[in-house]
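Undergrad: Given chain P, work out where chain A should sit, using these hints.
Number of protein chains: 2
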Amino acid sequence: MDKKLATRLIDVCEGRAEADLLVTNCKIVDVFNKTVFEGAVSVVDGHIASFSPEVKAKRTLDAKGRYLLPGLIDAHCHIESSHLSPAAYSDLVVAKGTTTVIADPHEICNVAGLDAMRYMLLASEGLPLSVYLMFPSCVPATDSEHAGAVLLADSVAAMIGHERVLGLGEMMNYPGIAAALPFVMDKLECAYQAGKLIDGHAPDVKDRDLDAYAACRIRTDHECSTPEELTERIRRGMYVALRQGTACRNVLDLLPGVNADNASRVMFCTDDCQPQSIMENGHIDYAVNLAIGAGMKPERAIAAATLNAATCYRLADRGAIAPGLRADFILSPSIEHIVADEVFISGNLVAQGGRILKPAAHIRPEKVSGMMDVASFDESRLALPLKSDRARVIGIIPGSVVTENLVEEVRRDADGLFVHDDGLDILKIASIERHHGTGNVGVGLIKGYGMKRGAVATSISHDSHNIIVVGSDDKDMAVAVKELIATGGGITMVQDGKVLMTHTLEIAGLMTDRDAHTVYEELAKMHEIAYGQLGVPKDIDPFMTLSFMALPVIPALKITDSGLFDVTAFSFTDINP
Amino acid sequence: MDKKLATRLIDVCEGRAEADLLVTNCKIVDVFNKTVFEGAVSVVDGHIASFSPEVKAKRTLDAKGRYLLPGLIDAHCHIESSHLSPAAYSDLVVAKGTTTVIADPHEICNVAGLDAMRYMLLASEGLPLSVYLMFPSCVPATDSEHAGAVLLADSVAAMIGHERVLGLGEMMNYPGIAAALPFVMDKLECAYQAGKLIDGHAPDVKDRDLDAYAACRIRTDHECSTPEELTERIRRGMYVALRQGTACRNVLDLLPGVNADNASRVMFCTDDCQPQSIMENGHIDYAVNLAIGAGMKPERAIAAATLNAATCYRLADRGAIAPGLRADFILSPSIEHIVADEVFISGNLVAQGGRILKPAAHIRPEKVSGMMDVASFDESRLALPLKSDRARVIGIIPGSVVTENLVEEVRRDADGLFVHDDGLDILKIASIERHHGTGNVGVGLIKGYGMKRGAVATSISHDSHNIIVVGSDDKDMAVAVKELIATGGGITMVQDGKVLMTHTLEIAGLMTDRDAHTVYEELAKMHEIAYGQLGVPKDIDPFMTLSFMALPVIPALKITDSGLFDVTAFSFTDINP
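Sequence lines, in order, name chains P and A.
By the UniProt record's numbering, the letter at position 192 of the first sequence is numbered 192, and the numbering carries on one by one without gaps.
By the UniProt record's numbering, the letter at position 221 of the second sequence is numbered 221, and the numbering carries on one by one without gaps.
Certain hints may be false.
Note that identical chains are pooled: a pair holds if it fits in a single copy or bridges any two copies.
BS3-like mimics (lysine-lysine), calculated; alpha carbons at most 27 Å apart, straight line [unchecked claim]: (1) Lys-3 - Lys-206; (2) Lys-525 - Lys-475; (3) Lys-206 - Lys-4; (4) Lys-447 - Lys-498; (5) Lys-56 - Lys-206; (6) Lys-27 - Lys-206; (7) Lys-525 - Lys-3; (8) Lys-58 - Lys-206; (9) Lys-196 - Lys-3; (10) Lys-475 - Lys-387; (11) Lys-452 - Lys-482.
It is worth saying that the hints were derived from the structure and are not from the lab.
Bound conformation, chain P alone (with noise of 0.2 Å):
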């Protein structure tokens, strides 16, 4: 707010000044009250200005009798997992109602560093969606992988000041709060100083760890499991965000817990979401009509999703239909189930019937283009020597990111080279770093994914994001790494040598600037190939399933770029029992 933004509005509530816009004939939601009332809603320059259907405007919009609600607000995503750029992904929410997200580029900035936070400062300025950034707190998430970056206090110190920048991002590491180690404590001295917030990531934890969380002002979560879990948070002065991802989901689990009381304490979140699942069952909108079904008060619901992350965020000029904030809202036709028929964004109609109207401008990503540093690498470092036929295996369980340490028989060469046995469902894994060319190659052993024949690899990779493999044999592999590395990263599959297809993400292995409906519709052939000409079985998904092949803090056995990991042990391990 400034002074000629606030002369402007009071002049056009007082009739000396013509509106931009009058919508008429609606519903407002108050989130405040939360309760609706019959009146219009007058814009000038960006904001709402007046409830009086009797100002004077320059344009006039009949709303119809439709409802007339805050544009939604996504309290925590990480932008990556859409495999869309900024640009390509605010062109996907903003046609669902979303138009304000807390994005925390924990993936790209593994990949990239401050490189990537720049990119992504950059690359969401201006959009239709208003994009808020937390500087991720936890690069690398972990030792015992090779990350892209290592982001300590002073690289939070050099970012966290910028205006779109709200605080620290999930502080995932909770056994770093608990033991106070100096490295975490000096990232929160960040967020003090700069009078910023710091979100949390506390699955499981409790009691006196809880608060010890807590009283670091960690501010918010969003990884409760139960009702119970949800008070705890809430008691402790903390947020919780309510998540429907596309893998991940707690609104219906928390709802019980959820009441007329705590509810401004409540807010939503996708936190990871594929645009299948958001061109197929919507954004935010699909989380409040979840949570609306489930029996919640609309006008909570909403609220939920508009004024408390506004109120948890400190973004003080959204998240209500108020005069003074941002005319940032949505028309639509039912209030027991939200569809975003309209979505105005600064008082200007940017989407309709679920379609935006134009396109974002993207910017060029030169700095987090091209992030393969991969070095020494051929077929040859593939081969996997085994002293014995029985080996570690990693054990896929369908619809979990957790696997099974096994030991398995396995067929070996002369040499004592792993082979593959087309009776056995054993294929070769590998993690190639690929950020600093190191040549590490790690390679192992899994159970599970079901491919006869070909190779399948991807530059996603949880959390450091190395080149990960998996194969039946070496030479179909090492060609699937090398088109990655082409590429600049994606997701490739080949057979006997050749490439069948590879959904490039150009954009640090991880993004693209292809459309959503592309991406989308090339998601969709990949799932077609690999479930049929490669065989992988329906019930895993062939390419989320391999990106946590790598990630060495969910249990139990993981393949990292420097060899193989065993999560319980919390140690390397050998492939030979």
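TA: Below, chain A without anything else, positioned relative to chain P:
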């Protein structure tokens, strides 16, 4: 919060360090969920660490099952109304469980301008009570009398950056907002630029005027009269402070508009309280208990008096009992009727059984003492020549600050000067400018004060705080005025040329460093004399009534240092109709 404190808190939670204090066996009021739970509260370095009874502690206090609730917050008050300096005020209200106040030093700033702001900041530094200030937005409140200072945007800009100045004080000039007057908008701009808040004061403002008022982000109002007004303000994003002061009270009137869905948008305030009402009824505890008595859920009422005010005023370190927050709390035997059995501030016991343990330290009010710059005053200045026997007379309406504009038959002497008639309840009243030595004296007549013989004078005279004097003869009046000039201000009573008693207010003529109990007893004695020896009728307050006779923004007829003012016509008027 800083790293050092955060580390200490974590260490206590995790058992690596001892807490300073552990309060066990409490029913903790959870204002986030609005519930009560049994637990313990540990404190280190003035902040709450954990709810666990198992942390190690240097000292343990058994709360014996009492309720432990956050220290109360007064969302809007004028400390000056208590006649007490900030230190004496702290002693008084802390004993009632109020641990934080948002104070608008509007009165003293009308006397001493920026010196008054500096004094209030200095005198409230380091008290047990946390005193935050709002920079008064309306000094002077009117052009129709002479105040001690004119505070424009440059003055606001000079002080609003102070860490204990939360923003711009109650914007009483709502017509100035509706008109978007540049000097008013310039003050708002100071708050916008500093990222600070703006308090409201908008009696009867509605519809498009209220839209305009809210559109410029005025964030609070404490002047609602009906539940509908409360709803309309909350709807526009404002917080509503329910007021329970000595004279102005609206808690019970507004409560019917408060429900589970909007309760998070209301707070409590006292605005103006005399020491007597605080000592006899209480402070914010009184308002909370009234609300609970009228049916408000206790946890909601307590949240209104704590969390909601802290949220509104962005005091992130207080307002609840939770790890990481200041250890400002109360032990009360009941939650249905809270009683501040014991009051802790920063974890230290400061009051017990309604009594402060150690009086707060005062600072010398040098720059705001002896604020009596009165020029060329003597008895002759009180002469009132009349052109006829018919004169305009200010008519007191008992229990109201509104007056009647009367025309009465009065007595004149041979020279045409007004003389007091024992048979008529018509006295002379005068306002003597005391800030700039202008020599201004305005003289008029008043009916209904009931005094038979003598004079009463006070330097509390809203909002400019010139000396106001009423009397049956000029000599007594002159003695009274001279007594106030000699003592630096206060309230005095004179009869037959002798001072009967003076309640000295040596700080700007408004406040004293004497303690609340002394002030209470002095005022009781003063009232006894006024009602007894001077014959003032009991249906009016002899001193507060006078204090509003110079306020030319409240109808209908008032006396200012520039003369008789017809508020209805909004112009000066002649004594003879």
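Undergrad: What are the numbers of the hints the structure violates, in ascending order?
TA: 7
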